[in-house]
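Visitor: The primary structure of each chain is shown beneath.
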Amino acid sequence: MAHLTYGRLSCIMTKYANKSLVSRAGKQIIPLTACCLQFTRRHRSIDAKALHERQKQQMARGLPKQKAITGVRQVLVVASGKGGVGKSTTAVNLALALMANEPSKSVGLLDADVYGPSIPKLMNLKGNPELTDNNRMLPLINYGIPCMSMGFLVEETAPIVWRGLMVMSAIDKLLRQVDWGSLDYLVVDMPPGTGDVQLTITQSIPIAGAVIVSTPQDVALLDARRGAEMFRKVNVPVLGLVQNMSVFQCPKCNHQTAIFGSDGARRLADALGVTLLGDVPLTVNIREMSDVGKPVVVSSPDSPEALTYMTLASAVVRRLQEINT
Amino acid sequence: MEQNNESSSLSEVQHVILVLSGKGGVGKSTITAELALALRHAGKKVGILDVDLCGPSIPRMLNMDRANVHQCDSGWVPVYADAEKSLALMSIGFLLDDPDEAVVWRGPKKTAMIGQFVSDVAWGKLDVLLVDTPPGTSDEHLAILENLKKHKKVDGAVLVTTPQAVSTGDVRREATFCKKTGVRILGIVENMSGFVCPHCSECSNIFSKGGGEELAKLIGSPFLGSVPLDPQLSASVEQGKDFLQSFPDSATFSSISSMTKTLLSSLQTP
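For the protein sequence lines, the chains are A and B, in the order given.
Heads up, the first sequence is in the working numbering, so the first residue is 45 and it goes up one at a time.
Heads up, the second sequence is in the working numbering, so the first residue is 32 and it goes up one at a time.
These are calculated hints, taken from the structure and not from any lab test.
Label-pair restraints from in silico Cβ distances: (1) B/102 / A/277: 28 to 38 Å; (2) A/329 / B/230: 18 to 28 Å; (3) B/73 / A/175: 50 to 60 Å; (4) B/282 / A/299: 13 to 23 Å; (5) A/347 / B/231: 15 to 25 Å.
Computed, partial: chain B to chain A, Cβ under 10 Å: (6) 53; (7) 59; (8) 130; (9) 166; (10) 203.
Below 16 Å or equal to it, Euclidean Cα-Cα: the simulated EDC-like pairs (lysine to aspartate or glutamate) are: (11) B/240 / A/332; (12) B/240 / A/335; (13) A/296 / B/233; (14) A/277 / B/132.
The C-beta atom is built at its ideal place from N, Cα and C for all residues, glycine as well.
Taking the hints into account, I'd like the entire structure generated from these sequences.
Guide: Written out as structure tokens, the structure reads:
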């Protein structure tokens, strides 16, 4: 009441003077003055706002609080709604390309695919991580990139049959209990889908941007679109799309075949209003090198595939700068 | 008791086969759709239950993504792909208002949905129910196994892999999962096994070759066959065409038909 000036008060009274406002109190209908009811209404709306805030706070209880990882400047996630489109291959080669483009930067790689961790195979790393004095895990390093994955913590053949809650706890450990040191970029290889792992990660740490990978075919694009939609819902900026396995060139006759369809990801990028960051062809070289744990950016840095990844890394850095200004 | 109502939804389904893979993108949904079409050609009544809640591909593959699910006395009516009702489908894709909507759910909600898919869908009389799963070994897999076991025994699982090492590694984990949960492995399918250039017929092993067969030997399971990379297959699946009708001369057709015969005979033998 003290907040209202005389002018505003008289304005309200004039507005409601002509309406007959009543209120029931017990069995009698007691006519109230307009201004009393108006004040009651304002009081109720303030109450409603406070109630809404309290409800929001209550619902947020139990959800992880967003906190940055110590020492890590920017977190990039490589995701897709769809499985098997090349997220891990892209994440590994992107991390290496970021370092190759700017050798002064330090880049780390986190494999958040708890059920099917591919990073150990792709980076040719094996073994259990050591612990520091304060019980944090030391990432395993190869090609200058410190890596952490569930694959280092379990046997090669053991399935990880965990429900969502256990996965949340595991992801928390992979995020917080690892001694990353000081990193300019942490590239996170996400699992397929739009479920617990994705939600946990986006709720736990601030993410600088998401790179969505897709092959050109319809079913992959549908899921990639869902993946992009999910990031929009949780307010993570989508840096752009990567079209993977776009075209296959026959090594014998050089005839090009678009095995998984043509240019679908380019069209999706236009439809979603995001940048197409890169177009990686389907080559036997990438797969062969991945299988022996020698990512193509390191094993054949002058090849067209490696150059595609370098261009991708430059595009990612450019987009990050655009978003941050 | 609830059990009476629940048992009626699957009581007329003869066989239930899970299509699994630890790895994403190896072609589970494609193989499920192709096996279903092949079984239908062989005169069987088939159903497909798509429990990939985050990435339901089956409606799109069979060109049914605009269909709606209706209710009847005994529960939800599955979407039929044809007038003879020889191919029944159920997927979360049919329940979404917008097919592009993202399903961003945590485990318990997914488990509840899958429970409903198993007990509240009036499948009717089916010879085979194929279950298309998402990659991994998580809530969806545990939920579908628990719910199916409540109603009837799961006949077995078909594991799909591509030949390369990153895939076979994950599928090996899945095989261990099957052994631990008592699910019989009916066989391994090696998908995307080699690509024949349409121009010069040179065969390139883009995703390597033989990995699936080696895996089958390693885990002591039957090897059902290898399916090559066929751009015509991808294109026709994209357009929801019946591949087996459109391209009976392709190598894919012969692999899938022989796989179907092997599967049917292993279903007869307990």
